[in-house]
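Each chain, letter by letter, is given below.
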Amino acid sequence: DIQVTQSPSSVSASVGDRVTITCRASQGIGSWLAWYQHKPGKAPELLIYAASSLQSGVPSRFSGSGSGTDFTLTISSLQPEDFATYYCQQTNIFPLTFGGGTKVEIK
Amino acid sequence: QVQLQESGPGLVKPSGTLSLTCAVSGGSISSTSWWTWIRQPPGKGLEWIGEIYHGGSTNYNPSLRSRVTMSLDKSNNQFSLRLSSVTAADTALYYCARRGAGLYYFDYWGQGTLVTVSS
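Residue numbers (the numbering used here), protein chains in the order written: chain A, 1 to 107; chain B, 1001 to 1119.
Excised from the complex, chain A in its bound form (with noise of 0.2 Å):
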């Protein structure tokens, strides 16, 4: 299985502020990474696929970039709806596999 390792596993941020969610594969995926916002009680929203291309709908602050082994999903700034979990997931090879995700706290 390809195992994804997200960093930081928590990020303290004020509104406004410059967030960055490092996703790292185990082996290379090309660009075959998504990247999902969950908040709790809530369904998880896809943002980003195929590791820099936007789902319809999302705000243009969220953008990723990265292939091969190493992914960012960044926030350009901080918003109080933006305050979640973040999840990447391979989409490369069966079986899919998540990272551990990434929750952004209030600072």
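I should point out that these hints are in silico values taken from the structure, not numbers from a laboratory.
Be a bit skeptical, because a hint or two may be false.
Cβ-to-Cβ under 7 Å is the rule here; a few derived chain A residues that face chain B [said to hold, decoys possible]:
| # | residue |
| --- | --- |
| 1 | Gly30 |
| 2 | Ala34 |
| 3 | Tyr49 |
| 4 | Gly100 |
These numbers were taken from a predicted model, which means no experiment stands behind them.
The C-beta atom is built at its ideal place from N, Cα and C for all residues, glycine as well.
Chain A is already provided as a structure; the job is to place chain B on it using the hints.
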């Protein structure tokens, strides 16, 4: 807008069978989609359990394959998960989700349902 809603018993006895259903609205289960189950044990990350295609083909996580069965109910526009011989390690939030054919990310998810394995 596709919506997914999980349902099923919240408590299952050890060695029993976990059974969940995901009702699909706003779209047809007969569309070119893979209908998926994903779970999250308390304090842990997300684990892909497996999926079923509208034609009935399935893909299962090798770690669970021997215990998993998925099925479609086209008349009720829903799909189901059965996980046999459960233990406390199967206690988790269970999500249903959809991925489009040819795509390997999940664009629609349910809110999840907690299943606890305990006597």
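Checked hints:
1. Gly30: Since the shortest Cβ distance to chain B is 12 Å, the answer is violated.
2. Ala34: Holds. Min distance 4 Å.
3. Tyr49: Since the shortest Cβ distance to chain B is 5 Å, the answer is holds.
4. Gly100: 4 Å, holds
Hint 1 from the earlier list is the only one contradicted by this structure; the remaining hints agree with it.
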